[in-house]
Amino acid sequence: MIMIITQAIRFGIVFLYGSTGEILIEKAGHLNLGIPGIMCLGGVGGCMGAYWAYQGGAPAFIVVLLAVFMAMLFGALGGLLYGVFTITMRCNQNVTGLSLTTFGAGVLGFWGTQMGDKEILFAPASRYAFTPSLFFGASTPDNWFTTIFMSHGVLVYLGIVFAIVVSVVLKRTRTGLSLRAVGENPAAADAAGIPVIRYKYVSCILGAAIAGVGGAFYLLDCTRGSLEYVIDAMGWLAVALVIFSLWRSNISIFGSFIFGFLYILPRYIEGVGLAEKEILKVVPYAATALILIVISFFNKKETQPPASLGLPYFREDR
Amino acid sequence: MDNNSKHVREPLVHLTRRLNVSARFAWLIRIGAFVLSILVCCLVSCLLSGKVSFGFFFKHLFEGAFGSGMLVRALLRDLSILLLLALAVTPCFEMRYWNIGGEGQAMMGAFGCALIVSYTSGKMPVWGTIVLSFVTALVMAVIWAVIPALFKAKWNTNETLLTLMFNYIAICLGAYLIKKVVPMGTGILNFDSGTLSSLGSGDFWIIVSAAVVMTVVMFVYQKYSKHGYEISVVGEAPNTARYVGINTKRVVVRTLFLCGLISGLVGFLLVSVKDASFLSDSTMQSTVAGRGFTAVLISWLAHFHPLAMVLTSFLVVFITRGATQVGNMARLGNSYAGMMVGIFFFFIIATEFFINFKIHFRPKAEKKPHETAPTEPEQKPVARDPE
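Top line first, the protein sequences correspond to chains H and B. One point on numbering: in this note's numbering, the residue at position 183 of the first sequence is 183, and numbering is uninterrupted. One rule links them: number in this note's numbering = place in the second sequence (from 1) + 318.
Next up, chain H with everything else stripped away, as it sits in the complex (with noise of 0.2 Å):
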């Protein structure tokens, strides 16, 4: 059971990473159905950030600050790219968003291809990623909470803090309440003096960069270096996971973990056939179909999705 949890904890923070930039992104009004493409990117970013750092002999700290930073980078791009044709030339959001799937989607199987080729294994790098040690130590005792708080590569608990960061911040402080407003109702925003623009295209570069930093943790930390080609299937979740919390991104720290469980149950419990596996994988969509349905229903204000969600905004268009 503990190593249920302690697993869960680790395949939520997938979830959690892109769910946290795809939050800042909505937030701004844009629905960036590009989130598993750019965390595609992010996993290419990532694992080369680790491994050059690794074969340059550079120490576990700068190892994982380089995945970070290339994976970052990456994701940055892929968000630029979205903004860009979303924000500046106003093209619609869903097209261009499930353009940037496809094609991250591609980059990362033909980099991953190019790679085996090559016979390029990221194993040894990634090491650093997973291991505790670089955060607590080598030396904790062995209980079951040390086991499921305290066992996790550093990139787990980066994702937490960037999941809380971003909650503050949209909650707290006034930029984050700009930044809402230009996602409810840019043309008031713009009145009131909120550069629009600037707003809507720091949040999409930032978000997508948090979101690829969850690809490079998947192949780093999840996969421990072996390159798999189901991060795509993951964004989904990820996009998923932020309507499950309702726009929220402290609250997707426990619908990640909700995620995380139901996404590695099939693989730990006995005695229940195949197709029942199967079945359970449907829960997190299902859940998460029938949130938006509920939250349709009672029209509350606090949990609805952004107003101006997937409108391009056009300051002389009226």
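Warning: the hint list may mix true and false statements.
Claimed, not checked - Below, in silico cross-link-like pairs of lysine to any residue (SDA-like), each with a Cα-Cα straight-line distance of 20 Å or less: (1) Lys-277/H to Ile-461/B; (2) Lys-472/B to Ile-461/B; (3) Lys-498/B to Asp-190/H; (4) Lys-676/B to Ile-269/H; (5) Lys-472/B to Ala-58/H; (6) Lys-567/B to Val-534/B; (7) Lys-497/B to Leu-280/H; (8) Lys-171/H to Ile-194/H.
I should point out that these hints are in silico values taken from the structure, not numbers from a laboratory. As the structure is a computational prediction, the values presented were derived from the model and not from experiment.
Given the coordinates of chain H, assemble chain B onto it according to the supplied hints.
Chain B in isolation, oriented as in the chain H frame:
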């Protein structure tokens, strides 16, 4: 920030909406973007892999698409299926109902068909199975399309997110069915009997003629029927629609019913005619294989015009099949084609900007005016923002 010091400042780039765009201008831009996208794809491929040269790329691109009679047939078949799915989602988009659930709706059609074939094949006359699987495919897809529409009509539930979730629920249900029928199988259901393709080799003509018929039907439906008119009014001016007495909710549900019918047909064609198999996996590998998402792009790129969709779906299939061939020949892996298709999409999406907006540059003697350099607006995104 440095801009704030000057009080009167004309932004470098200024955008205005083009109000009446001639069709010729629009198509000129689109064709330009298409050519440019292929060139960029080629350039990227050359840079990424030493094995690809300019000539190599174009030779195999065209060979992969039109190299032999068989390949042309495969191209037309893929085109037809994509076109059908794009036709399904088009009326939804026309009324600004962002149904990105074409994937799931076609998946449920495929699911319904596979369900019937797996359980009745051999116990029923073949024709019975085929008819029953066809009907079930339509019913399942309609149910899958109408549920989000009902919630949209009743409580204004966000349809983009809900249909997105429904896609994955459908895929998970498909995976459940496969494991239920063959618990220890390879994860794919193959059908030797009970499908249309098991009767003969007319599968190519069935798919293509279905696409041709549906294209004409949708064109007429959109352009000449009262329903089509209502859809466009609901999309462009929901308040006007209400004012003139159109029952908006009914139009939404009715349109999604139609969408479900066509995507159910696609599901049936995929399982019973094209593949004679059913695949669904929680890693998002499936019989529909992302076509539902591509269909969204195709429909949108064609401005929801059924005949233009023939062209856009042709371009997408051409790039996909051509790039797959290039990738195979240069051993670049399966994902190479996806990357190229992504690049192609970006270029085509960008054309909308150049069609809808006019770029004005600050008049200045020493500045060289760039006509339509696509990188120009992205360098100065914040330039025209602060006043």
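>> Checking each numbered hint in turn, tell me which of them this model violates, lowest number first.
In response: 1, 3, 4, 5, 6
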